[in-house]
Amino acid sequence: MGRVLTTFKGIIENRMPRVFAFVCPWIDEHVARDPASEIGLLPMLVAQGDTVCDIGANRGLFTYWLLKAGARVFAFEPNPRLASILRLRFPEELASGQLRLFETALGSGSGEAVLRIPQDMSPLATIDGNLANDMHGPVDDVRVTLARLDACVDADVSFIKLDVEGYENKVLEGAAGVLRASRPTLLIEAEERHRPGAVAAVMRILEPLGYQGFFRLGGRMQPIAAFDPAIHQALHALVPDGSRPRRGAVYVNNFLFSARPAVTGHLRRWTA
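For what it's worth, UniProt numbering labels the leading residue of the sequence shown as 1, then goes sequentially.
No lab work stands behind these hints: they were computed from the structure. All C-beta atoms, glycine included, are put in the ideal place defined by N, C-alpha and C. Honestly, I wouldn't trust all of these hints.
Label-pair distances were calculated between CB atoms; the ranges are [claimed, not checked]:
1) 210 - 96: 32 to 40 Å
2) 142 - 266: 35 to 43 Å
3) 70 - 91: 39 to 47 Å
4) 262 - 70: 16 to 24 Å
5) 248 - 96: 39 to 47 Å
6) 109 - 141: 18 to 26 Å
7) 217 - 177: 26 to 34 Å
Start from the sequences and build out the full structure, keeping to the hints where you can.
Printed below as a string of structure tokens:
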């Protein structure tokens, strides 16, 4: 049933964008009711008036909730179809300047890249060549612009959500100036199936900048030193198409990184 619903969603997204944009708020509200959703962490991480970045905005789940929190949002989405959905969803916020939409991929440099988009699974779109080669089923190749976050944002950023399907290290390298200047709290998706050693590689970039890492397990925060890919990212915990964990299975792919003492202290208390 999950695969059928995913395929149906892909059809609506691609062929009926206005309908899809109309139902997205309902989907976003439904997702937020899941106790395991990272949306529930946002009140602790984002305050009204903050400037935040949603990198890999997709249909706008995080953008929706960040805007509701009163933040100013810089959203990055290179998939032209999804960027169109975002424009349909948030016309007032775009007009007021509360939301800025960048139809570009982010990386460590500037130029162009090929975005490979599975036709029925747009959230898995990637410009990571190794990951793209493992895709099955129909794929659309789209040439997109590539930029560094440092070249796009000159504000004091308090929070960044980063979900770029295996390209997170390159994005972080291109965000070094923002990270040093603002020390934003980061919510990063990183998976060993995309790139072996992915979580450790992210930590190697962030630790010298004063960041500490955490992940959520069983309603509590754990220090990133406790992360074990064999336990927390076992492939058998996923449904066959890899789109989501099996019901009741443990699969950790989102990590918090904090360099702000107040946030770090809160996360540490949550580990007790």
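### Query
CB of residue 248 to CB of residue 96, is that within 39 to 47 Å?
This hint holds: roughly 43 Å between Cβ atoms.
### Query
Is the distance from the Cβ of residue 142 to the Cβ of residue 266 consistent with 35 to 43 Å?
holds (40 Å)
#### Entry: Range agreement (Cβ of residue 70 with Cβ of residue 262, hint 16 to 24 Å)
With Cβ atoms ~18 Å apart, the hint holds.
### Query
Does the Cβ distance between residue 70 and residue 91 fall inside 39 to 47 Å?
violated (18 Å)
### Message
Taking 26 to 34 Å as the stated bounds, is the beta-carbon spacing between residue 217 and residue 177 within them?
### Response
About 33 Å separates the Cβ atoms of residue 217 and residue 177, which means 26 to 34 Å holds.
### Task
With 32 to 40 Å as the target window, see if residue 210 and residue 96 comply at their CB atoms.
holds (34 Å)
### Message
Between the beta carbons of residue 109 and residue 141, is the distance compatible with 18 to 26 Å?
### Response
With a Cβ separation near 20 Å, residue 109 and residue 141 satisfy 18 to 26 Å, so the hint holds.
Hint 3 from the earlier list is the only one contradicted by this structure; the remaining hints agree with it.
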